[in-house]
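2 protein chains.
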Amino acid sequence: MKETPLTPAEPMLWSGWGDPAKAAELPAPVRGLLGDLLGVRAPAAPAATFGEVRLPAAALPPPVQAALAAIVGDEHVRADDDARIRHTRGKSTPDLLLMRAGDASDAPDAVVLPGSHDEVAAVLRLCAEHRVAVVPFGGGTSVVGGLVAARRGFAGVVALDLARLDRLVSVDPVSMIAELEPGLRAPQAERLLAEHGLTLGHFPQSYEYATLGGFAAARSSGQASAGYGRFDDMVAGMTVATPRGALEIGRAPRSAAGPDLRQVFLGSEGAFGVITSLRLRVHRAPAVRAYEGWRFESFTAGTAAMRRLAQEGRPPTVLRLSDETETMVGLAKPTDLGAAGRDSGCLLVAGYEGDTCDVAHRRERAAAVLAEEGGVHLGPEPGEKWAQGRFSAPYLRDSLLAAGATVETLETAGFWSDLPRLYDAVRLALLGALGSPLVMCHISHVYATGASLYFTVVTAQTGDPLAQWAAAKRAANEAIVRAGGTISHHHGVGRDHREAYAEEIGDLGVEILRGIKERLDPAGILNPGVLIP
Amino acid sequence: MKETPLTPAEPMLWSGWGDPAKAAELPAPVRGLLGDLLGVRAPAAPAATFGEVRLPAAALPPPVQAALAAIVGDEHVRADDDARIRHTRGKSTPDLLLMRAGDASDAPDAVVLPGSHDEVAAVLRLCAEHRVAVVPFGGGTSVVGGLVAARRGFAGVVALDLARLDRLVSVDPVSMIAELEPGLRAPQAERLLAEHGLTLGHFPQSYEYATLGGFAAARSSGQASAGYGRFDDMVAGMTVATPRGALEIGRAPRSAAGPDLRQVFLGSEGAFGVITSLRLRVHRAPAVRAYEGWRFESFTAGTAAMRRLAQEGRPPTVLRLSDETETMVGLAKPTDLGAAGRDSGCLLVAGYEGDTCDVAHRRERAAAVLAEEGGVHLGPEPGEKWAQGRFSAPYLRDSLLAAGATVETLETAGFWSDLPRLYDAVRLALLGALGSPLVMCHISHVYATGASLYFTVVTAQTGDPLAQWAAAKRAANEAIVRAGGTISHHHGVGRDHREAYAEEIGDLGVEILRGIKERLDPAGILNPGVLIP
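Residue numbers (my numbering), protein chains in the order written: chain A, 701 to 1233; chain B, 701 to 1233.
The reader is advised that the hints may include incorrect statements.
Label-pair distances were calculated between CB atoms; the ranges are [stated by the list, open to error]:
hint: 1; chain 1: A; residue 1: Glu-1199; chain 2: B; residue 2: Leu-1131; range: 40 to 50 Å
hint: 2; chain 1: A; residue 1: Ala-1067; chain 2: B; residue 2: Gly-1074; range: 51 to 61 Å
hint: 3; chain 1: B; residue 1: Arg-1174; chain 2: A; residue 2: Glu-948; range: 36 to 46 Å
hint: 4; chain 1: B; residue 1: Pro-763; chain 2: A; residue 2: Glu-1199; range: 40 to 50 Å
hint: 5; chain 1: A; residue 1: Pro-1120; chain 2: B; residue 2: Ser-870; range: 16 to 26 Å
hint: 6; chain 1: A; residue 1: Val-869; chain 2: B; residue 2: Ala-1068; range: 51 to 61 Å
If you want the ones that stay clear, here's a sample from chain B, every Cβ over 12 Å from chain A, calculated [to be verified]:
hint: 7; residue: Gly-735
hint: 8; residue: Ala-745
hint: 9; residue: Ala-758
hint: 10; residue: Gly-853
hint: 11; residue: Ser-925
hint: 12; residue: Gly-1163
To be clear, the hints were calculated from the coordinates, so they are not data collected in a lab. Just so it is clear, CB atoms sit at the ideal spot from N, CA and C, and this is done for glycine as well.
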């Protein structure tokens, strides 16, 4: 079993996902599917080259730019085309479609790179004074429009790139807490922790590029959440800079002293403040990593097995179940699952990480449950195949977009008894909005009381893929809200989920957010337009 | 092993704790200690009788009282002496001292008993309109001054007693969630759930009288938190009534959609709204309950063992460690622990609840760790003794107060590496403030990154026990804040911790609370003076 890759990421492709060297060729069966199943007939129009991108003139008032430079240093205020284009929006499907079309109209006027908490604080004070909107920027991996500031009413927009806040500040091996800075990309953080024999255990699909600050601000959930917890479980404390001053939050693992203010900033998406330091729960690096596959007759049967594992406690570290369609598409040879023809059942991947003894015990218990619930053990190969490709799906998206397909992922979560209804509602909404798309789903995060549902939808691109995307997105959002799911289990709210989120939490829920924002950011400069309607 | 008592509680003693029939005689060794060790020479002055209590005239404007009666029914608005006295303050040491002195000056003007969410909502709207302060009232067990409204600026004060909201609304056996109403006392809730073979697993010391709504509003933590989680872990969803309308919170076990609003109301102590329904995670009632004792040479050694259990995962369901003094005082015969004289070491109680196989496995693993860390197994007797007396300490407090001692408990939590400093700081502060009190401590809640510290302090009463209490409390609060602990791990903030809490969360933390309150309760009628400075 190969180690999870922990090398630091190269700068991300400006117009798509990830390391340009890793661009994915579409596998032949996928190319076949696009034509045969979805009716994709022609590739998309070629993407704009870097030189063709239309970038608005930078609008930041020169005195503000000079004052920013006085705070962070000349070289850390960048208004060049390269910096501005690389900080334009995130990596959602519409973000990529716009960039492919050469549209950088949402570019910030400048990119500011502070080197310390105090510099962040000074930048926020300055921007509040001059009504300059600030978009906190970590890995730039948002897929929900979390990095586009509403310009109206502002003198300009700066991206506040936290890349220079990249230190492992300290390790407390007694409390098993490490203090880390928010600009660390996940692989950098893992490499620094590995020198102490430690790991965070947080591996979302955005792992190669996303930052710790982004994980916290977006309430991220990693693929191994059943074992290591979600990122919000890992945050023991944090320092937050706001235009009105700093907060230090988290004096104890848990407390009865009032609301848990950590949980106010986790998921705040830069609208309440900028996280400048994180105290995170760490684990000893696992001695063993073992992934394996199981086959279930149906999504229903596999879901029941996952539920038992989650409710009986100590489930596998990784636990994911693909529905019938995702299982079929994911397999080069569907018969690999041991069933004939299209009736290939559903693939469940279980992964175990920990020390030898603990893994052996958990694996034995889980295997007993999975077998009792009708699972057929497939051995390590499907698990290892998943582990090797675990961060590769976003690369495939770029190739699909270029090939003339529109592809999107969206996700929700609900309580176990609501899941079948939620699953049906989202599938039907997507089918209704898109004609005959391919809709696949998996469960990748389980809890005692419920689980997530993660949908991938692929369809032939129409002449206006943005409008096509918007219609499908609206239908899916409405279906999720109506079926009682949460609008996002791991992607966040951003702009794309803002209205659905407002419906989810209701008018008074929105009032709570506004009440907090008004106190911390009275000028409203922090990521305006994101999260709060 | 006896079952945890699940019988519903009788009405609580108006002037002290609990069921009057269970009043505790002071054991002879305790009486000896009071005289020999603490210099208690005479019992306290006799407590006021019910007839002697000084109750201010009820000040609620008659039209408001009539309007309240129109909402909830005549018989559910009570302004009689009995109802008012029984809703005066909570059960903190100063609360008891004041009531012993016949002082009911903090009595509400009336007690209102709504029968539904809609009635709660209507009461809140009415009270907001007429500027009548509302103190949400569950079991009345606050030990931090959580039930005393600041009268200034209000036309009156009503206690909003939720006792009539006492239904098990539904059970979802798939999601393992039960919907329960907030006025259910814990034993009632357990009895109703037991009919479905279920349990909450929440057993704080206030268990016999406290309500589910109080557990949520005060962010309660039960004695079995290592196994079943804290109450805040159990809340899947809730309905909250505010003067401006209702909130429905919690559509999924976890979400990435913004801040976790459940965590805003958990710990809000009635200042943001009134919880009218709770969706709670439930467990299958355990087949096995086994408690046992272990001896450690020192608090330090026992703490190290607990830390290992917490960090390696799946600790015992109950895990508590008494320091040297608490161990000595807690034992009728100190030599029971197997060491001679005063050097009796420290008692650790480990409890296991679950199915037979799971308990056996966890017990075996825990036993190996405890033995490796120097623990000596004492068999079931000390564990069962603890389990039988687990809800009895508050009864003893009444007897101690009557006998002429001042007794108080206070608690904090911190990260593991901070615990020794926190322990010393609080002990020294109490010793400094009180001369030569008896200061005992235990750890009863453990997490991967830290633990709670629970102090019991007993001293000879001075002529002004309230002033004596206040000085010691101030010293302890200051010590906790300075040493970096949280001001409360399970009792909450109330009025007694309000200023220390403000120091803990800082000016901007307080601003967050004020921003939320302003939006939900613009007239500021909800539990004024509690939580928010």
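To see whether the hints hold, each was checked on the structure:
A C-beta distance of roughly 59 Å is found between Glu-1199/A and Leu-1131/B, which places it outside the suggested range of 40 to 50 Å. Taking the beta carbon of each, Ala-1067/A and Gly-1074/B are about 36 Å apart, not inside 51 to 61 Å as hinted. One distance hint, 36 to 46 Å for the beta-carbon pair Arg-1174/B and Glu-948/A, is violated here, with the actual separation near 23 Å. Checking the proposed 40 to 50 Å range against Pro-763/B and Glu-1199/A shows it holds: the Cβ atoms sit about 43 Å from each other.
About 18 Å separates the C-beta atoms of Pro-1120/A and Ser-870/B, a value consistent with the hinted range of 16 to 26 Å. Checking the proposed 51 to 61 Å range against Val-869/A and Ala-1068/B shows it is violated: the Cβ atoms sit about 35 Å from each other. Separation of Gly-735/B from chain A is adequate, the least Cβ-Cβ distance of about 35 Å exceeding the 12 Å criterion. Separation of Ala-745/B from chain A is adequate, the least Cβ-Cβ distance of about 33 Å exceeding the 12 Å criterion.
Taking the minimum C-beta to C-beta distance to chain A, about 32 Å, the non-interface status of Ala-758/B holds against the 12 Å cut. Annotated as non-interface, Gly-853/B keeps its C-beta farther than 12 Å from every C-beta of chain A; the closest such distance is 21 Å. The beta carbon of Ser-925/B is not kept farther than 12 Å from every beta carbon of chain A, the shortest such distance being approximately 9 Å. With a minimum CB-CB distance of about 33 Å to chain A, Gly-1163/B clears the 12 Å threshold, and the non-interface call stands.
Hints 1, 2, 3, 6, 11, counting from the list given before, are not met by this structure.
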